[in-house]
Each structure stands twice: as structure tokens, then as C-alpha cells.
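Asks: Sequence:
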Amino acid sequence: MRVLLAVIFTAAVCAAQSYTQRGFLESRATFYPQTAANDRARMIGESLFRYEGFLRPSSAFQLAGSVDLRLDTHHQVERDLRLSWQDRETRRPTVEVRRLSGMYHKGPMTFEAGKQFVRWGKTDIVTPTDRFAPRDFLTVVDNDFLPITAARLTFEKGSNTVDAVWSPRLTPSRIPLPDQRWVVLPDLPAGVRLNDAGAKFPGGPQSGARWNHAGTIEYGVALYQGFNHMPSFEISPRFIVPFLTVGPAGPPTGGTPAFNSSRSPLPTPAFLTGRSAGPPTVPDIQVDVQRFYPRMFMVGGDVAFPLPWLTVKGEAARFTSSDHRADELGLYVLQLERQLGEWFFLGGYAAEIITRKGTQAGDFVPDRGLSQAFLGRAGYTIDANRSIAIEAAARQNGKGTWTKFEYSQAMGQHWRTTLNLTLIRGEVDDFLGQYRRNSHALLVVRYSY
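Going by our numbering, the sequence shown opens with residue 371, and the numbers climb by one from there.
No wet-lab data here; the hints were simulated from the structure. For clarity, every value in this text was computed on a predicted model and none was experimentally measured. Glycine residues also receive a C-beta, built at the ideal position from the N, C-alpha and C atoms. Careful: at least some of the hints might be erroneous.
What follows is a set of in silico ranges between Cβ atoms, one per label pair, in the way DEER data are often shown [claimed, not checked]:
| hint | residue 1 | residue 2 | range |
| --- | --- | --- | --- |
| 1 | Pro427 | Phe775 | 24 to 34 Å |
| 2 | Phe744 | Trp679 | 13 to 23 Å |
| 3 | His475 | Pro678 | 14 to 24 Å |
| 4 | Pro678 | Phe424 | 18 to 28 Å |
| 5 | Trp679 | Lys476 | 21 to 31 Å |
| 6 | His475 | Ser577 | 45 to 55 Å |
| 7 | Arg665 | Val591 | 19 to 29 Å |
| 8 | Val591 | Leu813 | 37 to 47 Å |
| 9 | Gly568 | Tyr474 | 47 to 57 Å |
| 10 | Arg458 | Leu523 | 18 to 28 Å |
| 11 | Tyr750 | Pro559 | 49 to 59 Å |
| 12 | Arg412 | Met781 | 41 to 51 Å |
| 13 | Met781 | Tyr421 | 35 to 45 Å |
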């Protein structure tokens, strides 16, 4: 009996030692000096609680899990308490499984299945070959990566690594909400209005493979077949004939008839209202805007090689599609990096070459929006607790610029405060310039445990 108790106690201690946890509680306050045409809010508050746990029953096997709980003041977060797994909501879920996967590692092979993060490519700011990395773009310039449900097999031998990924379904990027400032609506003629017709998600899996060689010169080749996680848009205009609301009977007034803003499909004849119908009216035009995610095939590569004074990185990808609505194009990035003491410098250029223009009405693709642009980043580590950084993008035609300054300071072992100042300028017809009224200050306070 004593031996059995000793075994149980030892197993319990080992199990406790094999489990690790971490997480944080973060609060954000965003201030916008200017209002937007479709959003009058200037102050936004957000809170995020994240818990991460790792269980290692043996040296070869690990279980990893992470849960997010969110609240906000601006309805970018859902107001119901549903547990989200697929990340297909238009708003951020209140409770989300951020990660839940099992990993097995033996010798040169690593296999992971479940909800996880997959990152490819070498360049910063714009990464053309990073096809398994959807993002949350509710705030376009302050975005975060979303996990995907996938199986991933990695084989590493010497200086070569082969990475194969299969995902059963598309996880789309989350785009800005149409009633908030990060959607800039076009000027429409009188009687024309836009209607969000939702999304049409494709069925079928996604797959890809990447080979990477690490050496004096590091380079890789990647293939991807699946769907674009950034949406395209198709529009369907339709006429809606105004009609009269049902009102109490009474003598004719000869006034202008009242219209039912709910657009019920059954019009009410004028004689039932007891009022004059007045002059004939012009039908409204409702334009239904639906998101779709076109099929995509990508072949790309990346390279990095050091020089005496700096490191050169390059990445390029070619995108084709069997969907005639989607564009076909090439996207490439060239960047230079330099580490100098506590300073870090990065500068580069991104561009696209369109080889076929699709029939789509439009799309939302921030990495293409940052093409034909000069990109830069610099950072300085003041000491073990403080750092500053600046990041910028400028279109080569001068129509749009984006600059972000960041100061971060740790206070003790658990607290960190970060201040971001973002300045956006440009013309309304430019991807960056259209957000010129969205310059803002962001204060982040985080307690980690």
C-alpha cells in the first residue's frame, strides 16, 4: 500500500512539474483626435485576458492550449458569450480558443495537429509567401495574427528543413467593420445605398510545402494551393420601390407620403392610409456587397545573405487563380538590415506586378496596399526595461504615408506600459491616405504572470 501511494505521489509530482502556464491581462485605450464620417467615437477602451498552458507528458509529446477573453467599448467585440473556434466572426469573439494542439517530436521529425500558428517567409512588414497567416484587421495598422486549424509536419536534416501544412478549412482575415472609421465609404448618389450581404466561404482544404536551406546564404522555396484569406467583393445592385406606411384613416391632407424605412416587400396602397399618394417616387437602388475568397495558387521564394555591413533579404511570390474574378500578380520585397550596438535598422521596398486584372468589384489586401512603397523600421534598446521603435511606410507617388512611434517600459517583473503614436497622411484615393483621419494615440498596460 505504501509503495502504491509512493508511486501515485511521484506520478502526481511529475505531472505537476510537466505543466507550465503563463498569460497576461491587458488594457488598451485609443484616442483619435478627429472623427470620421461614419464613426464619431474618439475614445475606445479594450481589455484582453489570455491564459496559456503547456502539458508535457513525455519528452516527445506536448499539449498546448490558449484561451482569450475580451471586452471593449466600441462593439468590435461580440456581446454574447459563445466560445469561438473557427474565427469566422466579423467581430472579435468574447471567448476564443486561441490555440489547442498536440505536438510530437522525435529525431528529425516534428508533427503538430490542431489550432496553431504557421508563419513562413523572411521579410518584415510585407511577407508575400506567408499564406497560412490570416490577421485581424479591425484596426488596419494595429493588426494581429489569427491561428488556423491545421496539421503540420516538419522534417529537419542538417541545414535543410521541409515543412508541409494541410488545413481542412479556410480561416479568413477579419476586416474592418463597415460602420466604423477603418472603412472609408465612397460618395454615393442620392437614392443609392450599400448593404453588407455577408460572406460566401469556400469549401475544401488548403495545403502547402516549404523547403528552407540554412547556411552562409539562407534561402527557401514555397508552394501553396488553397484560397486567399483576404476577401474580394462582388456587387449586385437591385431596385427597391418605396411605399407608404400604414397610418390611421383620416381626411386627405395632400402632403408628402411617408415611406417605410424597413423596406417591407409588401407595399401598402395609398388608399388604405387615408392620405394622398402625392407625386410618383423614384425607386431606391440597394447595392449588395458580398465577400468571397477566390482560389489561389502561389509559388514563391525567399533569400537572406550577410554582407560586411548589413544583411540583404528578399522575398517574392507569384499568385495565379482559376477564378476569373481574382487578379493574377507578382509581389516582391527587397530589404536591408543593420544591427549596430543597441540600434536596429531596416529599410526596404515592396512592389507588385499585375499580369491579369480580374472582374471583381474590389478587394481588401493590405499587403498589396503597401506595395509601390518604401518601408522602414528602427529600434533602440535603452536598457533592460526600456526601448523605443519607429516604423514607417511611404508610397512612391507621395500619396500616402504611415508612421508609428513606440515607447515601451517594463516596471518590475510583471508590469509593462507601451505608448504608440500613429500618424497617417495622404490622398483619399490611396490605400494609406484614405485613413488620414485615423491618426491616433494608443496606451497599453499589461500585467503578465
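Asks: Within 37 to 47 Å: is that where the Cβ-Cβ distance between Val591 and Leu813 falls?
Replies: 43 Å, holds
Asks: Within 24 to 34 Å or not, the Cβ separation of Pro427 and Phe775?
Replies: Violated - the Cβ-Cβ distance for Pro427 and Phe775, about 46 Å, lies outside 24 to 34 Å.
Asks: Go ahead and decide if the range 18 to 28 Å is satisfied by the Cβ distance of Arg458 to Leu523.
Replies: 26 Å, holds
Asks: Taking the Cβ atom of Arg665 and the Cβ atom of Val591, is their distance within the range 19 to 29 Å?
Replies: 21 Å, holds
Asks: Using the Cβ atoms, figure out if Phe744 sits within 13 to 23 Å of Trp679.
Replies: Given a distance of about 20 Å, which is inside 13 to 23 Å, the answer is holds.
Asks: At the C-beta level, are Met781 and Tyr421 separated by a distance inside 35 to 45 Å?
Replies: 22 Å, violated
Asks: Check the following: the C-beta atoms of His475 and Pro678 are separated by a distance inside 14 to 24 Å.
Replies: Given about 37 Å between the Cβ atoms, the range is violated.
Asks: Taking the beta carbons of Pro678 and Phe424, is their distance inside 18 to 28 Å?
Replies: Given range 18 to 28 Å: violated, Cβ gap about 41 Å.
Asks: Can the suggested window of 41 to 51 Å be confirmed for the beta-carbon pair Arg412 and Met781?
Replies: Distance hint for Arg412, Met781 is violated at roughly 28 Å.
Asks: Okay, Tyr750 versus Pro559 on CB: inside 49 to 59 Å?
Replies: 51 Å, holds
Asks: Note whether the CB distance of Trp679 and Lys476 lies within 21 to 31 Å or breaks it.
Replies: 42 Å, violated
Asks: Quick check: does the Cβ-Cβ distance between His475 and Ser577 fall within 45 to 55 Å?
Replies: For Ser577 against His475, whose Cβ atoms are near 22 Å apart, the range 45 to 55 Å is violated.
Checked against the numbered hints above, the structure breaks hints 1, 3, 4, 5, 6, 9, 12 and 13 and satisfies the rest.
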